[in-house]
Amino acid sequence: MLRLYATVAAGGFRRHATYRVATAAGVFTNTVFGLILSYTYIALWDERPQLGGYSMDDALAYVWIGQALITVCGLMGGGFEEELIERIRTGDIAVDLYRPADLQTWWFSANLGRAAYQLLGRGVVPMAVGALAFDFTLPSGPGTWLAFLVAVALGSVVSFAIWYLVAMSAFWLLDGQGVVQVAWLGGLFFSGMLLPLTVFPGALGEVARVLPWASMLQVPADVYLGKYEGGRELAGAYAFQGCWALVLLGAGRAAQAAATRKVVVQGG
Amino acid sequence: MPFIELESLEKTFTIRRRTGLLRRSKREVRAVDGISFGVERGEMVGYIGPNGAGKSTTIKMLTGILTPTGGRLRVAGIDPARDRTRLAQRIGVVFGQRTTLWWDLPLKDSYRLMHRMYRIPDARYAENLARCVELLELGELLDVPVRQLSLGQRMRGDIAAALLHDPDVLYLDEPTIGLDVVSKARVREFLRELNTTNGTTVLLTTHDLTDIEQLCSRVMVIDHGKLMYDGELAGLHAVGESERLLVVDLERELPPIDDVAGARYVRSEGPRQWLAFPATESAAPLVAAVAAKHPLVDLSVREPDIEAVIAKMYGGTRDERRESLT
Numbered sequence: 001m002l003r004l005y006a007t008v009a010a011g012g013f014r015r016h017a018t019y020r021v022a023t024a025a026g027v028f029t030n031t032v033f034g035l036i037l038s039y040t041y042i043a044l045w046d047e048r049p050q051l052g053g054y055s056m057d058d059a060l061a062y063v064w065i066g067q068a069l070i071t072v073c074g075l076m077g078g079g080f081e082e083e084l085i086e087r088i089r090t091g092d093i094a095v096d097l098y099r100p101a102d103l104q105t106w107w108f109s110a111n112l113g114r115a116a117y118q119l120l121g122r123g124v125v126p127m128a129v130g131a132l133a134f135d136f137t138l139p140s141g142p143g144t145w146l147a148f149l150v151a152v153a154l155g156s157v158v159s160f161a162i163w164y165l166v167a168m169s170a171f172w173l174l175d176g177q178g179v180v181q182v183a184w185l186g187g188l189f190f191s192g193m194l195l196p197l198t199v200f201p202g203a204l205g206e207v208a209r210v211l212p213w214a215s216m217l218q219v220p221a222d223v224y225l226g227k228y229e230g231g232r233e234l235a236g237a238y239a240f241q242g243c244w245a246l247v248l249l250g251a252g253r254a255a256q257a258a259a260t261r262k263v264v265v266q267g268g
Numbered sequence: 001m002p003f004i005e006l007e008s009l010e011k012t013f014t015i016r017r018r019t020g021l022l023r024r025s026k027r028e029v030r031a032v033d034g035i036s037f038g039v040e041r042g043e044m045v046g047y048i049g050p051n052g053a054g055k056s057t058t059i060k061m062l063t064g065i066l067t068p069t070g071g072r073l074r075v076a077g078i079d080p081a082r083d084r085t086r087l088a089q090r091i092g093v094v095f096g097q098r099t100t101l102w103w104d105l106p107l108k109d110s111y112r113l114m115h116r117m118y119r120i121p122d123a124r125y126a127e128n129l130a131r132c133v134e135l136l137e138l139g140e141l142l143d144v145p146v147r148q149l150s151l152g153q154r155m156r157g158d159i160a161a162a163l164l165h166d167p168d169v170l171y172l173d174e175p176t177i178g179l180d181v182v183s184k185a186r187v188r189e190f191l192r193e194l195n196t197t198n199g200t201t202v203l204l205t206t207h208d209l210t211d212i213e214q215l216c217s218r219v220m221v222i223d224h225g226k227l228m229y230d231g232e233l234a235g236l237h238a239v240g241e242s243e244r245l246l247v248v249d250l251e252r253e254l255p256p257i258d259d260v261a262g263a264r265y266v267r268s269e270g271p272r273q274w275l276a277f278p279a280t281e282s283a284a285p286l287v288a289a290v291a292a293k294h295p296l297v298d299l300s301v302r303e304p305d306i307e308a309v310i311a312k313m314y315g316g317t318r319d320e321r322r323e324s325l326t
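Quick mapping for you: the protein sequence lines, in order, are chains Y and E.
Those letters in the first sequence? Residues 1 to 268, by our numbering.
Those letters in the second sequence? Residues 1 to 326, by our numbering.
If you're looking for bench data, these hints aren't it; they were derived computationally from the structure.
All of these numbers come straight from a predicted model, not from anything done at the bench.
Accuracy of the hints is not assured; some may be wrong.
Unchecked claim - A few chain Y residues that face chain E, going by a derived Cβ cut-off under 10 angstroms, partial list only: (1) R3; (2) T7; (3) V8; (4) R20; (5) T23; (6) G141; (7) K227.
Stated by the list, open to error - According to the in silico footprint, chain Y covers these stretches of chain E (three or more CB under 8 angstroms from chain Y): (8) 64 to 74; (9) 152 to 160.
A virtual CB, placed ideally from N, CA and C, is assigned to each residue, including glycine.
All chains, please: the whole structure from these sequences, using the hints.
If you want it as C-alpha cells, here you go:
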C-alpha cells in the first residue's frame with residue numbers, strides 16, 4: 001500500500017510540475033506581494049520597534065517566510081480543495097470511491113507531492129529574492145533550518161486536514177463555495193498571513209495563537225526565528241502542530257465516513 | 001449460483017426541500033424499486049432504460065459505493081457495500097462520462113498507478129498492458145497527457161485502465177457515448193474479443209442500441225426502477241407489441257384495404273398503402289390474402305425499429321407515479 005501512496009504523491013508532484021508557466025507566474029506574484037508587505041512592515045516597525053517581540057529584521061523574515069509558505073501550507077487555499085469539491089459536485093468522486101484505496105490517504109499523498117513541489121518551485125525563489133533585497137534574519141545554523149523544515153511539514157499536514165474538512169462539506173452543501181470563502185478569510189487572518197499573531201494583544205491574540213491555523217505559518221516562522229529556546233520548547237511547538245493534525249485528520253475521517261454512508265453521488 | 005445476483009434490490013433516496021420559512025417537505029424517490037436478476041459468468045448483458053431509470057444507481061450499488069436500502073446483492077459471493085475494497089480487486093468499472101485517468105499526466109502514469117493500486121504482479125501487468133496497448137491501439141498515446149487525448153482515445157485509455165488487474169466483471173456505463181462511428185466500432189470489437197477470449201462477464205448500460213445488438217445476447221430493460229424486460233433482444237418485439245409494416249403497391253388508387261384478417265390499415269398515398277401487422281406473425285399468409293383480393297403490383301416488408309419498440313415500452317409506464325409523498 002505504501003508504494004501506491006508513494007506513486008500518488010509522485011504523481012501529485014509531477015502534475016504540478018507540468019505547469020511551469022503557472023509556477024513562474026506564482027513566483028512573480030509572491031515576490032511582488034512580498035515587496036509590498038515588506039515596505040508596509042518597515043513603516044509599521046519604524047513606528048513601533050519590537051512590535052510583537054520581533055525586531056525589524058525578524059519582521060521582514062516573517063514576510064518572506066509567509067510568501068514562501070503560501071501554497072506549501074495552504075495559507076490562501078489548500079491548493080487541492082477546489083478540485084476535490086468539483087469532483088464531489090459533479091459526481092466524479094464516484095470514480096475515486098470505487099477504487100481499492102482510502103480517499104483521505106489518497107488525497108493526503110497527492111497533496112504531499114503538491115506541497116513538496118510548491119516548496120521547491122514557489123518557496124525557494126521568493127525567499128532568495130527577499131534575502132537579496134532585504135537584510136533579514138537568517139536561521140542561526142543548519143539545525144534551525146532542519147527544525148524549520150519539520151515545522152513546515154507539520155504545518156502543511158494541518159493545512160491539508162483543515163482544507164479536507166472544508167471539501168467534505170460539499171457532500172452536504174453540494175456547493176462548497178461559501179465554506180471555502182469563510183475558510184479562506186479565517187485562514188488568512190488566523191494563520192498570521194496579514195500580521196504575526198504575536199502582534200495581537202489580549203484575548204484575541206491568545207485565542208489566535210492556540211487555533212490550528214497558527215500551525216501553518218506562525219509556528220514555522222517562530223522556529224525559523226529561533227523563538228523556541230531549547231529542545232523542550234521546540235518539542236512543545238511540534239506537539240501543538242501534531243495534536244491539531246491528528247484531531248483534524250480524525251475529524252476529516254469521521255466526515256468522510258458519514259459522507260460516504262449517506263452519499264448522494266451526483267448525476268449520471 | 002449466478003456470478004452477479006440481485007434479489008428485490010431497492011434504493012430509496014430521501015429528498016428534503018424547503019417549502020416555506022420553516023417548513024420542509026420530505027420526498028422519497030425510489031431509484032431502484034425491487035429488481036431481481038442473475039448474471040452468469042461470461043455473460044454479456046445490456047442494461048438499458050431512459051434517463052433516470054435507475055441504471056447508474058444499480059451500477060453504483062454493484063460496485064459498492066452506494067448501499068442498498070433493501071434487498072440482497074452479491075457479486076462473486078461478496079456483499080459489495082460491506083466489502084468494497086475486496087470486491088474492487090475483482091471488478092473493473094468504466095464510466096463513459098468520467099475518467100479514472102490522471103488528467104495532467106501521460107497515460108502511462110495512470111497505468112503505473114493501477115499497477116500499484118491493484119498490486120498486479122509485474123509480469124502479469126506487463127502482459128496485460130501490452131495486450132491492451134495492441135488491441136486498443138494505445139502505443140502512440142502512452143506518453144501523451146490525458147487532457148490532450150480525444151474523447152475516443154481517452155475512452156480506450158479508460159477501458160485499458162479498468163482491465164489491467166484482470167477483473168472477472170467489467171461494468172461499462174455508457175462506454176460509447178459521444179464517440180464517432182469508427183471509435184464505437186473499435187470499442188465494440190475489443191469488448192467482444194475480451195468476452196470470448198477471457199470469459200470476462202460484461203454488464204453495460206447504453207443509450208445506443210447498436211451496442212446491444214452487436215454485443216449482447218441478453219438485454220434487460222429498466223424503467224422507473226423496475227425491471228420491465230429480461231431476455232433476448234429479439235424477444236423485445238413480442239413484449240413491446242411491436243408491429244411490422246407491409247407496404248403494398250396496387251395497380252391504381254383504391255379504397256383502404258380493410259378486408260384482410262390480421263392486418264391493420266395505416267395510411268395510403270396514391271396506389272401505395274401501408275398495413276401494420278404484429279411483428280411476431282409471418283408475413284407470408286398476409287401477402288397471399290392481399291394478393292388474392294386486390295390487384296397487387298409490388299410489395300415490401302419493413303422491420304420494426306427496436307428503438308421505437310423500447311420507446312413504446314417506456315411510454316407505457318409513464319403514467320405511473322414513482323415518487324410517493326410521505
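Hints and how they fare:
With a least beta-carbon distance of about 5 angstroms to chain E, the hint placing R3(Y) at the interface is held under the 10 angstroms criterion. The closest approach between the C-beta of T7(Y) and any C-beta of chain E is roughly 5 angstroms, which is under the 10 angstroms cut-off, so the hint is satisfied. Annotation: V8(Y) was flagged as interfacial toward chain E, and the flag holds, the nearest CB pair being 7 angstroms apart, inside 10 angstroms. The restraint placing R20(Y) at the interface with chain E is violated, with a minimum CB-CB distance near 12 angstroms, outside the 10 angstroms limit.
Because the closest C-beta pair between T23(Y) and chain E is about 13 angstroms apart, greater than 10 angstroms, the hint is violated. A least Cβ separation of about 39 angstroms between G141(Y) and chain E goes past the 10 angstroms threshold, and the interface hint is therefore violated. Interface hint status for K227(Y): violated, as the beta-carbon distance to the closest one in chain E is roughly 39 angstroms, over 10 angstroms. For the stretch 64 to 74 of chain E, the stated coverage by chain Y is satisfied: 4 residues place a CB nearer than 8 angstroms to a CB of that chain, which reaches the threshold of 3.
Check result for the stretch 152 to 160 of chain E against chain Y: violated, 0 residues qualifying (beta carbon to beta carbon below 8 angstroms, three or more required).
In summary, the numbered hints that this structure violates are 4, 5, 6, 7 and 9.
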